[in-house]
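All chains should be modelled from the sequences, with the hints used to inform the complete structure.
Chains as they are written, first to last, in my numbering: chain A, 1 to 306; chain B, 1 to 280; chain C, 1 to 432.
Hints are computed from structural coordinates only; laboratory data are not their basis. Please note that the accuracy of each hint is not assured.
Partial pick of chain B residues on the chain A-facing surface, computed with a CB cut under 10 Å [as the list claims (entries may be wrong)]: (1) Ala28; (2) Leu41; (3) Ser235.
Which bits of chain C does chain B cover? Going by a derived footprint, with three or more residues having C-beta under 8 Å, they are [what the hints assert, rightly or not]: (4) 49–62; (5) 74–82.
Chain C is nowhere near these chain A residues, computed Cβ spacing over 12 Å in every case [stated by the list, open to error]: (6) Gly65; (7) Leu69; (8) Gly83; (9) Val99; (10) Leu102; (11) Val105; (12) Ile117; (13) Gly208; (14) Trp216; (15) Leu220; (16) Gly231; (17) Gln240; (18) Leu291; (19) Ala293; (20) Ala298; (21) Arg303.
This one's a predicted model, so the numbers in the text were calculated from it and none came from an experiment. For every residue, glycine included, the Cβ atom is placed at its ideal position computed from N, Cα and C.
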Amino acid sequence: MTAAATLAAQAPVVARRRRPGLAGWSYLLPLLLVVGVWIYLPVLATVVLSLLDWNLTSPTAEFVGLDNLRRLLSEPEFAQAAGQTLLYAVALLPFSTAVPLLLAVLLWARPGRASTIYRSLLFVPAMVAPVAVAVAWRFLLNPLNGLVNEVTGRVGLPAVNWLGDPAWALPVIVVVTAARVVAFNMLLFSAALSGLDRRAVEAARLEGATGFEVVWFVVLPQLRSTTVLLGLLSVVLAGQWSFTNVSVLTQGGPDGVTDNVYHRIHTLGFGYFETGMASTASVLVLVFFALAALAAEAVRRRRGRS
Amino acid sequence: MAGRELLPDGAGRARVGGLLWHLALCGAVVSLLFAVVWALLSSFRPTSRIYGLTPSWPTLEHYTRVLAEWPVATLVGNTFVMASAVAVGQVVIGCLAAFALVHLTPRARRPVLALLTVSLAIPPQALIIPQYLMATRLGWLNTEAGLIVPQLGSSALAVLVLVQHVRAMPVSAAQAARLEGALPREVLWYVVLPALRPAIAAVAVLVFITTWNEYLWPLLITPRTEDTTVQIGLSQFVTAEGTDYGGLLAASTLTSLPILLVYLVAARRITDAFMQAGAR
Amino acid sequence: MRSVSTRALVPLLAGALLLSAAACSASAPAADPGSVTITFSSYNYGTQGSAGTGTQALLDRFAELHPEITVEPQSVPVADVLTSARAATAAGEPPDVVQLGYSKLAEGLETLPVQPLDELAGDGWDAHVSGIVPGPVATGTRDGSTYALPYTISIPTVLYNADLFEQAGLDPDQPPATIEEVRTAATAIVGTGAEGVYFAMADPGKSDYLTQSVMNSAGGGVLDAGGTITLDSPASVEGIRQIQSLTTDGLQPAVAVDDAMAAFTTGDLGMLVISTAVLGTVQDAAEGNFELRTTAFPGFGSAPAAPTHSGAALVSLSEDEARQRAAWELISFLTSEEGYQLIATEIGYLPLRQSVVEGELAGWLEENPLLVPTIEQLDQMQAYQSFPGPRSNQATQLLQDEAVEPVVLRGADPQSSLTSTANRIRELVGAP
Numbered sequence: 001m002t003a004a005a006t007l008a009a010q011a012p013v014v015a016r017r018r019r020p021g022l023a024g025w026s027y028l029l030p031l032l033l034v035v036g037v038w039i040y041l042p043v044l045a046t047v048v049l050s051l052l053d054w055n056l057t058s059p060t061a062e063f064v065g066l067d068n069l070r071r072l073l074s075e076p077e078f079a080q081a082a083g084q085t086l087l088y089a090v091a092l093l094p095f096s097t098a099v100p101l102l103l104a105v106l107l108w109a110r111p112g113r114a115s116t117i118y119r120s121l122l123f124v125p126a127m128v129a130p131v132a133v134a135v136a137w138r139f140l141l142n143p144l145n146g147l148v149n150e151v152t153g154r155v156g157l158p159a160v161n162w163l164g165d166p167a168w169a170l171p172v173i174v175v176v177t178a179a180r181v182v183a184f185n186m187l188l189f190s191a192a193l194s195g196l197d198r199r200a201v202e203a204a205r206l207e208g209a210t211g212f213e214v215v216w217f218v219v220l221p222q223l224r225s226t227t228v229l230l231g232l233l234s235v236v237l238a239g240q241w242s243f244t245n246v247s248v249l250t251q252g253g254p255d256g257v258t259d260n261v262y263h264r265i266h267t268l269g270f271g272y273f274e275t276g277m278a279s280t281a282s283v284l285v286l287v288f289f290a291l292a293a294l295a296a297e298a299v300r301r302r303r304g305r306s
Numbered sequence: 001m002a003g004r005e006l007l008p009d010g011a012g013r014a015r016v017g018g019l020l021w022h023l024a025l026c027g028a029v030v031s032l033l034f035a036v037v038w039a040l041l042s043s044f045r046p047t048s049r050i051y052g053l054t055p056s057w058p059t060l061e062h063y064t065r066v067l068a069e070w071p072v073a074t075l076v077g078n079t080f081v082m083a084s085a086v087a088v089g090q091v092v093i094g095c096l097a098a099f100a101l102v103h104l105t106p107r108a109r110r111p112v113l114a115l116l117t118v119s120l121a122i123p124p125q126a127l128i129i130p131q132y133l134m135a136t137r138l139g140w141l142n143t144e145a146g147l148i149v150p151q152l153g154s155s156a157l158a159v160l161v162l163v164q165h166v167r168a169m170p171v172s173a174a175q176a177a178r179l180e181g182a183l184p185r186e187v188l189w190y191v192v193l194p195a196l197r198p199a200i201a202a203v204a205v206l207v208f209i210t211t212w213n214e215y216l217w218p219l220l221i222t223p224r225t226e227d228t229t230v231q232i233g234l235s236q237f238v239t240a241e242g243t244d245y246g247g248l249l250a251a252s253t254l255t256s257l258p259i260l261l262v263y264l265v266a267a268r269r270i271t272d273a274f275m276q277a278g279a280r
Numbered sequence: 001m002r003s004v005s006t007r008a009l010v011p012l013l014a015g016a017l018l019l020s021a022a023a024c025s026a027s028a029p030a031a032d033p034g035s036v037t038i039t040f041s042s043y044n045y046g047t048q049g050s051a052g053t054g055t056q057a058l059l060d061r062f063a064e065l066h067p068e069i070t071v072e073p074q075s076v077p078v079a080d081v082l083t084s085a086r087a088a089t090a091a092g093e094p095p096d097v098v099q100l101g102y103s104k105l106a107e108g109l110e111t112l113p114v115q116p117l118d119e120l121a122g123d124g125w126d127a128h129v130s131g132i133v134p135g136p137v138a139t140g141t142r143d144g145s146t147y148a149l150p151y152t153i154s155i156p157t158v159l160y161n162a163d164l165f166e167q168a169g170l171d172p173d174q175p176p177a178t179i180e181e182v183r184t185a186a187t188a189i190v191g192t193g194a195e196g197v198y199f200a201m202a203d204p205g206k207s208d209y210l211t212q213s214v215m216n217s218a219g220g221g222v223l224d225a226g227g228t229i230t231l232d233s234p235a236s237v238e239g240i241r242q243i244q245s246l247t248t249d250g251l252q253p254a255v256a257v258d259d260a261m262a263a264f265t266t267g268d269l270g271m272l273v274i275s276t277a278v279l280g281t282v283q284d285a286a287e288g289n290f291e292l293r294t295t296a297f298p299g300f301g302s303a304p305a306a307p308t309h310s311g312a313a314l315v316s317l318s319e320d321e322a323r324q325r326a327a328w329e330l331i332s333f334l335t336s337e338e339g340y341q342l343i344a345t346e347i348g349y350l351p352l353r354q355s356v357v358e359g360e361l362a363g364w365l366e367e368n369p370l371l372v373p374t375i376e377q378l379d380q381m382q383a384y385q386s387f388p389g390p391r392s393n394q395a396t397q398l399l400q401d402e403a404v405e406p407v408v409l410r411g412a413d414p415q416s417s418l419t420s421t422a423n424r425i426r427e428l429v430g431a432p
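Below, the structure is given as structure tokens:
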């Protein structure tokens, strides 16, 4: 793929020759199989469970219709958790896009031993067991003998109970989660950069563009689809990324301010065995994201037309 | 690294730029690794100094204890089998599907990708109950199949990333191959996969680590102690009698070494492709 | 495209169902007469430290006594005991014996296929149970049958830093015996620049044993003898208010239990009121930092202290008769004199038979004096109270998260918080 015809159309290459039909589907089959059986079949079961009063071990499950929904919505905890899930999504967005993108571009710009070492170091937060990192943060943030308050105290700032103060707990969870998200997404951006068309870069360089201009006008446009994808994934997955830290460090507290829907569903399902309510909450999350996806699609279509 | 820089700079500016570059990356390393380093340092502190800031001589007591009393080899073995099988499985499924969705059945692309995106949004905490009931009805309790196969369902992320990379690939060679009458599997094997290597490596690492850190699924599907995984093993340090933080941190350090290994192997794939491209 | 993917899914579903049917019919274990294998789900087994090795010692001794019974232990994270047992039950493979925490026991009795132990024991039951401390046995009894026997039991105690006591001008040989004296001592310790006292009320495991201890000692309780919810009664509220006033007066740091334990072991906190279960861990972490001592849970006002125990009971979920018998053999060994003695000496939980305390354990206690104040208080120990019904554990968590933690640590109003939580719990569990 070195030579001439990069100009060739970005069209499917095999499809047009003969209709691949069955052959094509056979490549797709394993995916449809595992996702069908292990995701969508359980989703169907979840929808059914959301209409039942069943606690996993009760011998009978009673059909209660929308009663689970009524109970879920009457709980202040669920609405709070849902709102905070959006907060997590917004707060983690820069750490899943801008920060790892910047780091990946910096590393890409000067290949060599130093950049390999930096890249490996920056990936370390993703390699260590999440529970160990959470424990280290608990040590660091201990309001009575932790390093953070020791340092802030030296410079005259008041002591803060970082994980116990409702005003601080959620930002702290975001920061704790951020290192891992940055590491993962930096790797994905690096992979995207390695597939980059370098001739455009060299051409720009020959024309005397500055480093900033090369990055801004040549590199970033080629990373747009990766950035959009990772941003989208971040919005969808932010609540799940923070899950371990929430359950190890705060269990959703203080006063529920670090809870999110995923942790709430876990509490309902495996803390309280309210299988029906947990399923209902999942269906709500699913419906929310499906509606959001439909809305985004509608916007895209309208834009495409105009 | 002199002469390798892709960005244009005069000699003097390069030195300033290089300094800034190192500063920025060192800053990132320090802020992102701080907690990890603290965890590592704490794992060498004796039990009576594990909390607080009083300095102390490093000790290997936690490491010797963990190596002697904690089933490191069994847990790492089980987890390695699980994580690599899931990573390989998802990558294979993902490559086949990504190739098909871009080149063979492009009309299926939008609906399938929509299904996958939605599947990412479904809270896994709720799906686990039906998944568990299905797996146990299959007789998969305490089996490798039970640990591995259901986790292949979470292939969405792998497919989304791979589809994007396949789409971004220059298609010239694929087209040339097509004109020569190559079969789809030949196009996939000789043209698409080689070009996809960095993406495959990145996706494999991500899936491997995510699976390695999975907690709830192994907890339920492998109640038997000798079949279970590292994360469940780590919870043995968090007990009703208090947490053995020294042991927990030492065990966490030891069990991240296999991940480091996997990363180093994969990173070479990512940077190799990168160097070749740079040298071209 | 739509039709194809549906067509692909249909045979898939059929295949999955077929496979599951085949798997079900294949799992009929052949019975080997004479020997039997049972599973034992334990949150102590396999853990690092004395609880893990102590459990192994118990199982080794049992294997010597009963070579015909093979025990297959399953190590369960302490936070997931009920999750694991309920999931295994739903899958049709419940563990034969389960170590179940008291804050989750009531829910377990309602929702797991628990077996009546008195029926499994038959004639030997009365003789076996008669010597066990009666409170926790009563907690495991429903409608005249006993389903759970106490296994690893602890009660709250006051751990204190004798060095800080001396620095504050207090006599370490005269530790506080009432909440008023705790206040006085805490005030003196705060004067030295350290933190005063910490009641580990906001338990990260969401158990309310300390909440109950405080309410009981103040003359209230979460439930009265008739099962009415009384956690918002004047006496209960007053008990919690006393703990809150320690925080608002600067005598108690408003931090999480883990943070307080850390501060205590580094010598930055004078007194820590917590379950004796963590004694070993705290002792190890405080080793060489200061002199650690213990004293009994304090009384409130003139009434004697009434601490509530925490810890775990043993239940059996066996459905097969041979395994039921074997399960009872294991439970009866673990709750025998020898069992309790091993539990006390190897793990550090309380010896629940007076005969053990007076007999072989006496010498051991002289060398390990930290448990003595608690053991002397054993006859004041209150049975753990559970809210009724299958949502009992949810109610306990609600009490801890919505009332106890905000009141004790963050200054929420005790009366209104406990009242609104009590009303939510009444609605949740359907009790008056």
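These are the hints, each one checked on the structure:
1. Ala28: Interface hint status for Ala28/B: holds (6 Å vs cutoff 10 Å).
2. Leu41: This interface hint holds because 9 Å falls under the 10 Å limit.
3. Ser235: holds (8 Å)
4. 49–62: With 4 residues in contact (Cβ-Cβ under 8 Å with chain B), the coverage given for the region 49–62 of chain C holds.
5. 74–82: holds (count 7)
6. Gly65: At roughly 20 Å from the nearest Cβ of chain C, Gly65/A sits farther out than 12 Å, so the non-interface label holds.
7. Leu69: holds (17 Å)
8. Gly83: holds (18 Å)
9. Val99: holds (29 Å)
10. Leu102: Per Cβ check, Leu102/A is outside 12 Å of chain C; nearest 35 Å; holds.
11. Val105: holds (38 Å)
12. Ile117: Check passes; 34 Å lies beyond 12 Å.
13. Gly208: holds (50 Å)
14. Trp216: holds (40 Å)
15. Leu220: Per Cβ check, Leu220/A is outside 12 Å of chain C; nearest 35 Å; holds.
16. Gly231: Correct as stated: the minimum Cβ-Cβ distance to chain C is 28 Å, above 12 Å.
17. Gln240: holds (19 Å)
18. Leu291: Holds, since 20 Å exceeds 12 Å.
19. Ala293: Given a closest Cβ separation of 17 Å, the condition holds.
20. Ala298: holds (20 Å)
21. Arg303: holds (25 Å)
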